[in-house]
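Order-wise, the sequence lines are chains H and A. Residues 1 to 180 in our numbering are what the first sequence lists, from first letter to last. Residues 1 to 360 in our numbering are what the second sequence lists, from first letter to last.
Accuracy of the hints is not assured; some may be wrong.
Unchecked claim - With a cut-off of at most 20 angstroms between alpha-carbon atoms, the simulated PhoX-like pairs for lysine-lysine come out as follows:
| id | chain 1 | residue 1 | chain 2 | residue 2 |
| --- | --- | --- | --- | --- |
| 1 | A | K43 | H | K175 |
| 2 | H | K59 | A | K321 |
| 3 | H | K151 | H | K32 |
| 4 | H | K10 | A | K43 |
| 5 | H | K169 | H | K125 |
| 6 | A | K290 | A | K343 |
| 7 | A | K321 | A | K266 |
| 8 | A | K43 | A | K75 |
| 9 | A | K321 | A | K237 |
| 10 | A | K250 | A | K298 |
| 11 | H | K51 | A | K75 |
| 12 | H | K169 | A | K75 |
| 13 | A | K266 | A | K250 |
| 14 | H | K175 | H | K126 |
| 15 | A | K237 | A | K213 |
Note that these hints are calculated values from the structure, not bench results.
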Amino acid sequence: MNRVQNGDAKALRQIYGSYKSILFGLIVSMLKDREEAEDCLQEVFTQLWEKADRFDASKGNLYSFIVTMARNKAIDRIRSRAYKDSKQEDHTISDFSLTPESDFNNPEEDLELSERANLVRSALKKLNSKEREVLKVAYYGGMSQTEISEKMEIPLGTVKYRMRQGMIKLKDFLKQDITE
Amino acid sequence: MSDNSSHNDFESLAVGYLLDALTEEERLQFEKMLENATQEQLKVYRELSHTVDELALASGPESPSEELEDRIFDKIEGGGSRDKGSGSGMASIIPLWTYQLAAALLLVGVIGFAIYNTGVQEDLDRQQMVISELEQEIESRDQLQGELREREQKIAQLQSELEEMERVEDNLREKEALVAQLENQLDQQEQLQQEIREQENLVAQLQDELDRKQNIEEDLQQRDVLITELRDDLERKEQLLNVIAAREVKLVIMGGLDPSPDGYGKVLWDSEQRQAVLQLANIPAPPEDKDYQLWLIKGEQDPISAGVFNFEQPSTDLFFKVENLDESPSEQENNFAVTLEPKGGMPQPTGDMFLFGQQN
């Protein structure tokens, strides 16, 4: 990323090669529209190039930085009034724990990402379905806790409790898997 | 679950914050929390943040179109604006005055940048100082928080010890009360035992008195028997004296026969008053189922029963009043005989004759 910060577009191309599939997969899962997702991914990489100086390696790794940026861009789109108006009624969200095993077929993809993806899916399967559902809606749907409460017709406190329990368990499962 | 505030602890808010699912108010609340977070909380926050990032991997990879890469890099490499520096150089024919103007502008720029840079350096130094001061403050605040936590822990420990002591005291008080109760019961038991001992003494005294009374009663009974015997004896003797005192008394002496040759007897008969006294001597006591029976035999007539007699010890002075001799003597001959008969006597003699005598 240092090279990108120094204006090396080739380095950015390498980053694109490494992360395009995972980022595009994430954005498509959120927006449910490949064309819209491509626009969003373009926006992500354009911003990564333009705001490369904002990346501080001491505060986090590149993966976190770029994934956070992609998700935020997708949430911005989801939350824009025009998007809500056009898509809200058809907001089906896939269950991420049921997504097929990783099929990174691009040779440029990092093998480590594939292994980590399998660990996350396995950890998600260990959660109970109610906790998984709330996390799924929050993460992919970009919904606030209040919106989830209204959409799923469950008390706000329950949403918060399930979200908290789900994430804490997930954190612990992942920690376990890493140490194993 | 319905209490919303109970779900706004650090972890809950951190999860909501990282998933961008909080309200504006909650987001600000958490950012404040994060500023004052402990090392432990920061660690949890970092781990949760990492977990949220990892969720992106669960969505499954998707390949964007080939054109997208071209679009992106055409935009970037084709002079797309960038905050820091630009990519490739621009080769074109430019007039000389443009270079002169550019050189002048560059000179002004360099001078300006130098001035600006000095100012920026000063600003940076000041900011660095402020940062150092803030870091020191944070450090001292962390230290104070640490001390505060230690004190809170100590207070909690002391409170717990105090509660434990209170519990022990309560237990002691309960045990003391129990001991007092037991002592009371023991006292009552001792009193009861004392009373029982006293009553036992009383019973023993009463038993003694009862025994004495029984002895006295037995003594009295024996005396009554003796008195009765003496009275009977006296009565017999009075009758004997009455018979002896009569004007005409017939004396019939009876001698012993085979069963008891040493035996003898006398009949003193007051025929006028029709009463008599019998003496029996040296004949054995009759068996339990037998009595001696006295018979009056007038001449050739059948014997007339004059009563049955009994005694336990043979003696020479056994005197009996003859109750049934309601007969007048015969002018010719009056004989008396004593036979041994079944208990109660018989109408006519059936047993052995022990004594026999004739009136002279």
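Hint check results:
no., hint, in the structure
1, K43/A / K175/H, "holds (13 angstroms)"
2, K59/H / K321/A, "violated (152 angstroms)"
3, K151/H / K32/H, "holds (18 angstroms)"
4, K10/H / K43/A, "violated (36 angstroms)"
5, K169/H / K125/H, "holds (11 angstroms)"
6, K290/A / K343/A, "holds (4 angstroms)"
7, K321/A / K266/A, "holds (12 angstroms)"
8, K43/A / K75/A, "violated (40 angstroms)"
9, K321/A / K237/A, "holds (9 angstroms)"
10, K250/A / K298/A, "holds (14 angstroms)"
11, K51/H / K75/A, "holds (15 angstroms)"
12, K169/H / K75/A, "violated (43 angstroms)"
13, K266/A / K250/A, "holds (10 angstroms)"
14, K175/H / K126/H, "holds (14 angstroms)"
15, K237/A / K213/A, "violated (35 angstroms)"
Violation of the numbered hints given earlier is confined to hints 2, 4, 8, 12 and 15; the remaining hints are satisfied by the structure.
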